[in-house]
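Asker: Next come the chains, spelled out residue by residue.
Protein chains: 2
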Amino acid sequence: MPVFLNTRDADFEAGFQALLNAKREDAPDVDDTVAGIISEVRRRGDEAVIELTEKFDRLSLTPETIAFSEAEIDELCARVPAAEAAALELAAERIRAYHVRQMPDDAMWTDPDGATLGWRWTPVSAAGLYVPGGLASYPSSVLMNAVPAQVAGVERLVIACPTPGGEANPLVLYAARLAGVETVYRIGGAQAVAALAYGTQTIAPVDKITGPGNAFVAAAKRRVFGKVGIDMIAGPSEILVIADADNDPDFLALDLLSQAEHDASAQSILITTDAAFGAAVARAVDTRLQTLERAGIAGDSWRDNGAVITVQSLDEAAELSDRIAPEHLELCVENPEALSERIRHAGAIFLGQWTPEAIGDYIGGPNHVLPTARSARFSSGLSVLDFLKRTTLARMTPDALRTIGPAAETLAKSESLQAHGLSVRARLDKLNR
Amino acid sequence: MPVFLNTRDADFEAGFQALLNAKREDAPDVDDTVAGIISEVRRRGDEAVIELTEKFDRLSLTPETIAFSEAEIDELCARVPAAEAAALELAAERIRAYHVRQMPDDAMWTDPDGATLGWRWTPVSAAGLYVPGGLASYPSSVLMNAVPAQVAGVERLVIACPTPGGEANPLVLYAARLAGVETVYRIGGAQAVAALAYGTQTIAPVDKITGPGNAFVAAAKRRVFGKVGIDMIAGPSEILVIADADNDPDFLALDLLSQAEHDASAQSILITTDAAFGAAVARAVDTRLQTLERAGIAGDSWRDNGAVITVQSLDEAAELSDRIAPEHLELCVENPEALSERIRHAGAIFLGQWTPEAIGDYIGGPNHVLPTARSARFSSGLSVLDFLKRTTLARMTPDALRTIGPAAETLAKSESLQAHGLSVRARLDKLNR
Numbered sequence: 002m003p004v005f006l007n008t009r010d011a012d013f014e015a016g017f018q019a020l021l022n023a024k025r026e027d028a029p030d031v032d033d034t035v036a037g038i039i040s041e042v043r044r045r046g047d048e049a050v051i052e053l054t055e056k057f058d059r060l061s062l063t064p065e066t067i068a069f070s071e072a073e074i075d076e077l078c079a080r081v082p083a084a085e086a087a088a089l090e091l092a093a094e095r096i097r098a099y100h101v102r103q104m105p106d107d108a109m110w111t112d113p114d115g116a117t118l119g120w121r122w123t124p125v126s127a128a129g130l131y132v133p134g135g136l137a138s139y140p141s142s143v144l145m146n147a148v149p150a151q152v153a154g155v156e157r158l159v160i161a162c163p164t165p166g167g168e169a170n171p172l173v174l175y176a177a178r179l180a181g182v183e184t185v186y187r188i189g190g191a192q193a194v195a196a197l198a199y200g201t202q203t204i205a206p207v208d209k210i211t212g213p214g215n216a217f218v219a220a221a222k223r224r225v226f227g228k229v230g231i232d233m234i235a236g237p238s239e240i241l242v243i244a245d246a247d248n249d250p251d252f253l254a255l256d257l258l259s260q261a262e263h264d265a266s267a268q269s270i271l272i273t274t275d276a277a278f279g280a281a282v283a284r285a286v287d288t289r290l291q292t293l294e295r296a297g298i299a300g301d302s303w304r305d306n307g308a309v310i311t312v313q314s315l316d317e318a319a320e321l322s323d324r325i326a327p328e329h330l331e332l333c334v335e336n337p338e339a340l341s342e343r344i345r346h347a348g349a350i351f352l353g354q355w356t357p358e359a360i361g362d363y364i365g366g367p368n369h370v371l372p373t374a375r376s377a378r379f380s381s382g383l384s385v386l387d388f389l390k391r392t393t394l395a396r397m398t399p400d401a402l403r404t405i406g407p408a409a410e411t412l413a414k415s416e417s418l419q420a421h422g423l424s425v426r427a428r429l430d431k432l433n434r
Numbered sequence: 002m003p004v005f006l007n008t009r010d011a012d013f014e015a016g017f018q019a020l021l022n023a024k025r026e027d028a029p030d031v032d033d034t035v036a037g038i039i040s041e042v043r044r045r046g047d048e049a050v051i052e053l054t055e056k057f058d059r060l061s062l063t064p065e066t067i068a069f070s071e072a073e074i075d076e077l078c079a080r081v082p083a084a085e086a087a088a089l090e091l092a093a094e095r096i097r098a099y100h101v102r103q104m105p106d107d108a109m110w111t112d113p114d115g116a117t118l119g120w121r122w123t124p125v126s127a128a129g130l131y132v133p134g135g136l137a138s139y140p141s142s143v144l145m146n147a148v149p150a151q152v153a154g155v156e157r158l159v160i161a162c163p164t165p166g167g168e169a170n171p172l173v174l175y176a177a178r179l180a181g182v183e184t185v186y187r188i189g190g191a192q193a194v195a196a197l198a199y200g201t202q203t204i205a206p207v208d209k210i211t212g213p214g215n216a217f218v219a220a221a222k223r224r225v226f227g228k229v230g231i232d233m234i235a236g237p238s239e240i241l242v243i244a245d246a247d248n249d250p251d252f253l254a255l256d257l258l259s260q261a262e263h264d265a266s267a268q269s270i271l272i273t274t275d276a277a278f279g280a281a282v283a284r285a286v287d288t289r290l291q292t293l294e295r296a297g298i299a300g301d302s303w304r305d306n307g308a309v310i311t312v313q314s315l316d317e318a319a320e321l322s323d324r325i326a327p328e329h330l331e332l333c334v335e336n337p338e339a340l341s342e343r344i345r346h347a348g349a350i351f352l353g354q355w356t357p358e359a360i361g362d363y364i365g366g367p368n369h370v371l372p373t374a375r376s377a378r379f380s381s382g383l384s385v386l387d388f389l390k391r392t393t394l395a396r397m398t399p400d401a402l403r404t405i406g407p408a409a410e411t412l413a414k415s416e417s418l419q420a421h422g423l424s425v426r427a428r429l430d431k432l433n434r
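One line per chain: the protein sequences are A and B, in this order. 2 is the number of the first residue of the first sequence in the working numbering; add one for each residue after it. 2 is the number of the first residue of the second sequence in the working numbering; add one for each residue after it.
FYI, nobody ran anything at the bench for these hints, they're computed from the structure. You can take every hint at face value.
Treat identical chains as interchangeable: a pair holds within one or across any two.
Here are the simulated EDC-like cross-link-like pairs (lysine to aspartate or glutamate), alpha carbons at most 20 Å apart as the crow flies:
(1) 56 / 41
(2) 24 / 264
(3) 228 / 41
(4) 24 / 301
(5) 228 / 323
(6) 431 / 400
(7) 414 / 264
(8) 228 / 32
(9) 56 / 168
(10) 56 / 33
(11) 228 / 26
(12) 228 / 30
(13) 56 / 32
(14) 431 / 247
(15) 431 / 335
(16) 414 / 90
(17) 414 / 85
(18) 431 / 251
Sequences and hints are given; from them, build the entire structure.
Answerer: What follows is the structure, given as structure tokens:
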């Protein structure tokens, strides 16, 4: 049974706090292991990567076979059924169309003091995308990571994807081609992250590493952060559905289950203005759980982390939602746009009953890599900005320097940074000569 | 003596690589200490913060005196000399004018398939700015951190600034007021970072922590990352000056020294097309070092980390610059705009001989919190974006779902995520009924 809460009840706040504070993931502490792996890869390069791949993925590689060859990729791509290929192409096209709009503008202007100021965006030169192997090897995630990088203009785009026992997912390779990925390395784990960050004899280092992974990958990303850029460290997936009674309970049950089926640690929450409707959705979840393929995982998630919260008003719903700061937020109410304007913290919002969250996972266009674990309070989903950086620009004329230079000199002196002040003063003196 | 290199020499590449790889900072490993401090603060709140402040800052606080009172701030602000106050006001105004232009636009559009898509930016609710105490307590950094937060619309803006022995810098308080800071806590170190991230009885937790600090502060920021957002972990400051022979050697000497005087680990590099001019700048540095207040620090930095590199062309200079990915880049050449367009990786560019880097530190307008240690390859200086996050929006109509829904269903099936597919299928079935 999920938790049932009602804001009318005296113990609501305690129950809601418990829900917020529940630690859903007990990530094993793998930091020492990961530190060892990284230092081995830095020291011995390919040799270490090959040894570790043999050990963890039961796969024998040589420097020549660390990357898939073009012929291998051709062969794997040819195995992708036409319907899947077409679906990936439509997804890539729609994700591209959305992300192209995110490209920020450069700017340059001259202010009233005569200072010319501005900024310019440039792409990172090389990015490495981590793609998990096995069951969690999602071609949709390849598109969600690689397309923004491609749109940003990243020159060299590579993937590291382990192939345990040598098994590769043809759709992953197909998605990689669609998104302009140059090379796919069949390596994974902390060793792949280390190889991407520091480089080996056959793997040139990248500047930015993104993509999901297990505890080893997450710990490795944390460790190489600073040497390279990384995206967020994602936790278990979450959905919050805010719904009035005018909805099909089965639709919402499926939406809740589509997070729950990811992982027993995933969390699905329904907030509704109608307690009876909440109960109907919970019944619909139970019904669907009787036949769902991943009923074990989804059932565990719903029972351990699920919640149905009854509120007195949509205002109250918006307030609770901001405290949860959900990764995915569905607004199944009469006027979802109006409600969405009252929401401040959410990764992605899905408006109205015809927008199931799964549309956003695959084909809607917005990115599905989103902030989890309440981090939507301070961070955003993946975007082209993750593959760009901004250089600021400034040019003073002699007049501009005369106008604003003395204040810089004053502040430099107040901070006891004499050379700073002198670098301005020497120029002013020459101008005044 | 700094290193002198010439791209003409056979051993240039080895020398340049050594310069790139030189580890300039030997940050002590304080991670265990910091982990202990954070757990104490989480467990005992104010009590731990007060004990640690007594221990590290020789200052006795009570829950009532952890924050400066309004009267104390009034009194400190009244001590700021008029010239400094005016300089801070001009700086705040110019920084604000620059950062206002960074505010990104929201977007919402309907695509040919009938899907309405977009995004909306919202500020983080609460931000905490760390301001070092003692010598490195820079009012300019208060403005550079707080003004972008204020422009972004952060509701609650607080500062943590240690006051060793109780000594506060009036200009820091004045700058805080100018930038709309609500509360200034007189605490520092890892205990301040922990208190901001997790909250105590008297300190409400924030969502984002920015600002420079020593090794303890940096380690604490790394540790609380995920619970809250953080800005970059800054290393020692750097400047690269690219200059032709048509410059005043003394100007450039002062610009190089204005980084060198920050810290013995700072790095100042001159790249010039004229070896004789390079030698003249080096002589000018030596001359200035004879009288500079911080000659010890600046001299150590210049001797240990400084470099003068002679190149055959500005193209070569741009290439080397991108490999260095400097925090600050001055282009003192005839056509600095043209050269700037060949640069891909730099935190901030200063164009022409009348734009000393110190202008950017204080008064230019662009932010002075910039990526160090080659991280300009993948990251940007501080901006309003650091205090905003983006929520993506999507709304399908029944027709849009009919058009793109089937592809989502196909991809969900290919990833063995049945509920994802069913959440689309159930809706399509109802629409087709």
